[in-house]
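Student: Those protein sequence lines, which keep their order, are chains A and B.
Following this note's numbering, the numbering of the first sequence begins with 42 at its first residue and continues without gaps.
Following this note's numbering, the numbering of the second sequence begins with 116 at its first residue and continues without gaps.
No wet-lab data here; the hints were simulated from the structure.
There's no promise every hint is true.
To give a feel for the contact side, a few chain A residues facing chain B, derived at Cβ under 10 Å [claimed, not checked]:
1) M51
2) C53
3) Y75
4) Y128
5) R132
6) P145
Derived list of chain A stretches under chain B, where covered just means 3 residues or more per stretch with a C-beta under 8 Å from a C-beta of chain B [unchecked claim]:
7) 80-94
8) 99-107
Here a beta-carbon is modelled for each residue, glycine too, at the ideal position from N, C-alpha and C.
These are the residues of each chain, in order.
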Amino acid sequence: DAKTTQPTSMDCAEGRAANLPCNHSTISGNEYVYWYRQIHSQGPQYIIHGLKNNETNEMASLIITEDRKSSTLILPHATLRDTAVYYCIVRVAPSLRSGGSYIPTFGRGTSLIVHP
Amino acid sequence: NAGVTQTPKFQVLKTGQSMTLQCAQDMNHNSMYWYRQDPGMGLRLIYYSASEGTTDKGEVPNGYNVSRLNKREFSLRLESAAPSQTSVYFCASSEGTSGANVLTFGAGSRLTVL
Chain A
42 DAKTTQPTSM DCAEGRAANL PCNHSTISGN EYVYWYRQIH SQGPQYIIHG LKNNETNEMA
102 SLIITEDRKS STLILPHATL RDTAVYYCIV RVAPSLRSGG SYIPTFGRGT SLIVHP
Chain B
116 NAGVTQTPKF QVLKTGQSMT LQCAQDMNHN SMYWYRQDPG MGLRLIYYSA SEGTTDKGEV
176 PNGYNVSRLN KREFSLRLES AAPSQTSVYF CASSEGTSGA NVLTFGAGSR LTVL
């Protein structure tokens, strides 16, 4: 299993970039890195994912190191509404019994507080 | 397009009572999941269904049963509720279970067992 390690909490000033790190040193070559966030106690919301290359969408950018052992989620201009728990997950490799299913496993994530 | 719908949103049970949490998705997804989230914790997988007609245990399946009723619906049943099952339950779905699939979550069902 590729486990992830994230800081428990971070804070960021509104309007500045928020850089959230994630370590996944045991990631396998065919496992994707995903980021989700959870605002208050709502259902988690997908942000972005990547395999090897850096990715960008309307919400964020994902920077994956060349050795794929870590990644950084970047919120370029954080707003108060970005205050949430951010989860970095790797799709866990399938067990023989699961028949090829990659099951997302969520840790505790990083609690990001954006302040005025 | 509602996405993933969970019912009920809130439920209070007494120890030993049974209940079923319902989940339905309208995205024609093949795979569905049930997670639970305890205060201050991440999500833990209870059961999942990779495709219609199949179900499999996740990390914390004890005390739960599931039914993949059809492609749209995946229910979670507590046969004899215990206080340890007080939690927020999230249903999710995805097109499949390969590594490139994105999960879409429901809003959650808050269950309290007294």
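Student: Which of the numbered hints above does this structure break?
Tutor: 1, 2 and 8
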